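*Asks:* With the hints as a guide, dock the two chains, each given alone in a separate frame, to form the complex.
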Amino acid sequence: MFRNVAELVQLAESQGIKIAEVMIRQEIEETGRSREEIFTQMDRNLQVMEQAVMKGLAGVSSHSGLTGGDAVLLQNYIREGRFLSGETILDAVSKAVATNEVNAAMGIICATPTAGSAGVVPGTLFAVKEKLHPTREQMVEFLFTAGAFGFVVANNASISGAAGGCQAEVGSAAGMAAAALVEMAGGTPSQAAEAMAIALKNMLGLVCDPVAGLVEVPCVKRNAMGAANAMVAADMALAGIKSRIPCDEVIEAMYRIGETMPTALKETAQGGLAATPTGRALAAKIFGVPNDHRE
Amino acid sequence: MKYRSVFDIIGPIMIGPSSSHTAGAARIGRVARSLFGRMPKWAHISFYGSFAQTYKGHGTDVAIVGGLLDFDTFDERIKSSLEIAKQEGMEVVFYEEEAVPNHPNTARVRIGDEQGELELVGISIGGGKIEITELNGFELKLSGHHPALLIVHNDRYGTIASVANVLAKYAINIGHMEVSRKEKGKEALMTIEVDQPIDASIIEELSQLPHIIQVTKIVD
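Sequence lines, in order, name chains A and B.
Our numbering puts the first residue of the first sequence at 6, with every later residue one more than the last.
Our numbering puts the first residue of the second sequence at 2, with every later residue one more than the last.
Think of the hints as simulated: they come from the structure by calculation, not from any bench.
Computed from a prediction, not measured in an experiment: that's the story for all the values here.
Just so it is clear, CB atoms sit at the ideal spot from N, CA and C, and this is done for glycine as well.
Partner residues aside, some chain B positions facing chain A, computed with beta carbon under 8 Å:
#1 Arg5
#2 Ser6
#3 Met15
#4 Ile16
#5 Pro18
#6 Ser19
#7 Thr23
#8 Gln54
#9 Gly58
#10 Pro105
#11 Pro198
Far from chain A by the CB rule (all over 10 Å, computed), these chain B residues:
#12 Trp43
#13 Asp156
#14 Asn166
#15 Val180
#16 Pro211
#17 Gln215
For reference, chain B alone in the conformation it holds in the complex (with noise of 0.2 Å):
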């Protein structure tokens, strides 16, 4: 089952006119600059299929933009973030793509500044629900069923551990983990859906480990 609370079915409060091509959109960007932990100099932003037909219209340029600027979805500055990013030093640039994705509300978010570079795949799947599907070239195989946490860290022994050890100190149980790597002792993803919501302090906790480059909650 892909929803699970009734607040995904009455809600979000978002500024209008599309849940999910301008709420979701909004989340997308916001996910992407959360992981990216800071403000991006440039976007890059790559619209497919019914994004890529309606993205005017509905909004969801200034939304996803709204996001990669930390809005949330109901902050009125969504609409005018366009102006905003300008303002900050932020050079964004959309794309509209021809190719015919898996899902029709997909966008491709490309960020990054003197000090690196994030790429992700978001999709929209309705009332403001989105899944991230991709992320710096790793495949995500999130249910969207349960919280998750993406964590970037070095390629390092002893790293998977300590995650594990801080989560089960506050008695969050893990249902599915995955590690993967692009290369030997590189930067590296884990995956891990848990059963039992996840605070902020958790969040900051697990940042200050060792080997930890970024710590992203994904679904609320």
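Here chain A stands alone, though its shape is the one from the complex (with noise of 0.2 Å):
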């Protein structure tokens, strides 16, 4: 079993082998289950990202009416065409943000690696879909690559947001989404380790103050930027560009953030943009008393 990013590269690269096949192998020996069942049920996830991709750019809004809407903008602005950034970019970025519309209008989405973050892989996989044409094996294999990143990070670090802040969220989904989009467009398995530290390094920090301890202000948002995050890092590595922090290093350096990070702005909805003036506002609004206890 793999314990961090340098031995799941070694493994792959060793053996000439996808990081999508180490983790599909080990997913095989640790749970004894059958490489067309592992398969099959990753399909069954991808399924769901789909859907909820769609269900996020038909228009949905949440209960709390605080996010929805923003995906359908998006689209809309790129059939305009007069966007300045990337066509590719920002059809990640509004799969991103209609996935987690999605979820804060309690939809059925899949957690990746968290709820919270739940938009970045699939928003970047069905915007790399229509350039690269991928089958729908690659589609799940996208996954698979994403998955290992992601279980590396889960055990040396974090993904919970109430123990590690949003760096543990949205910035391991970057990391996570950065890699498999390397892999995809055929980059080696050390090119993918160097666009997850890309991808990371520039997340880390990153706090959780849900406005309201809703998972919509911010989150939706910082949803669209781990995407756009992914995508440049992706094509950062692709270039050539590495890393001077070893990917292991930037997760190591991820955790000990989280762990000297302030309570009040992890999850607790007690700092941060939660503790603005606005946000506070907002969440009088919702629930109808003022949170005073708060302060």
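*Replies:* Listed below in structure tokens is the structure:
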């Protein structure tokens, strides 16, 4: 069983196999289930992701009314063709937003690695699908690759906002997506690890400060930027750029930052954006009472 | 290593909005329901730490009650679980606790009816994964690495051997086992971690053994 990214890359490169294949083989060994069973379960996750993206792109609204409809705005904007960045990256952003808008509306999603960060991996996957035209099997493999990197983060640091802040959720998701994008685009396992490192480095220190404790503000837009970050990090790694700090050390740094992060900034709705005048006013309006104990 | 499967990372399929505060809470509730073995008449649920601060926003309350109603993480009925509980005659009370827990996402669930009560403490460690740290006053030391069985039984000779025999018959290896009891001859708890997955049929067979009160699988 691989314990870190260095071992994961080594296992793939020494055998000349993909990161996805290393993850699949470990899953078979660890659970005793067949390859077919494992593949079918991941395909089911992919279906749920696809349905969530489609539902979000059709337009949803959360119970609180704080989020919803932004994925539609972005898709309309892309169609008008006046965008400044690029079509694929904006498509990824809109599909990440779509997923998290569905999540905020208590719709059905697949946690990747968590529900609050569920938009980044499917957002980027369904955007590059339009460009790389992968087979269904390659799309399922994308999820195994993302899962392999997330597996290392979960075991060596954290994927919980309450334990490690948003860097542990959207940060982990951005790293996972960046690595999987590199592998799907034909990059090496080492390049996938570089992409993960580059993406995660730029999410370090990100706090979890949900307004009113809802997974809406700023979570939906953090997924948007997580997807954009993943796309750029993947392109940087594919261009041959390396992270000066190895991926495993970035993950270790993320863990230590999470440990020293104040509780007010770890999914308690007490600090950061949740504690702004507008954040507090929204919380009071939604729950109908002023949350004085959150001072 | 806390996480052993890729599906701990990519998954679960669930109702939003939070894997730890919604899906994890639903799983804690469902373990309680499964251990209790029937629909409870009342439920007293205490939230600690981040759970106490944000449970309304995350739907932790509807999720944990959904679990008590035996709903899975992706069951859309979770959204209206409080109304369903009312219709089913389950009285639910929530407490926001001030005490600082060891883990930020901690819930204490007390459920019961005329025939009995059950109390457990669950923590939600991220991505929908949970651990049960206390059951009916018994402290649980589950690593969470392996499938585990919780077996509530009467403290009688031969009970442990009969459970081990069933597991041996299906070539299931015990990696770790603890037995604890509150009082000699009264209710006791076996906590067994095994290396192989456990089918529902094996759980059924274990439940049929003499002196066994309740069998629950705790980690998939």
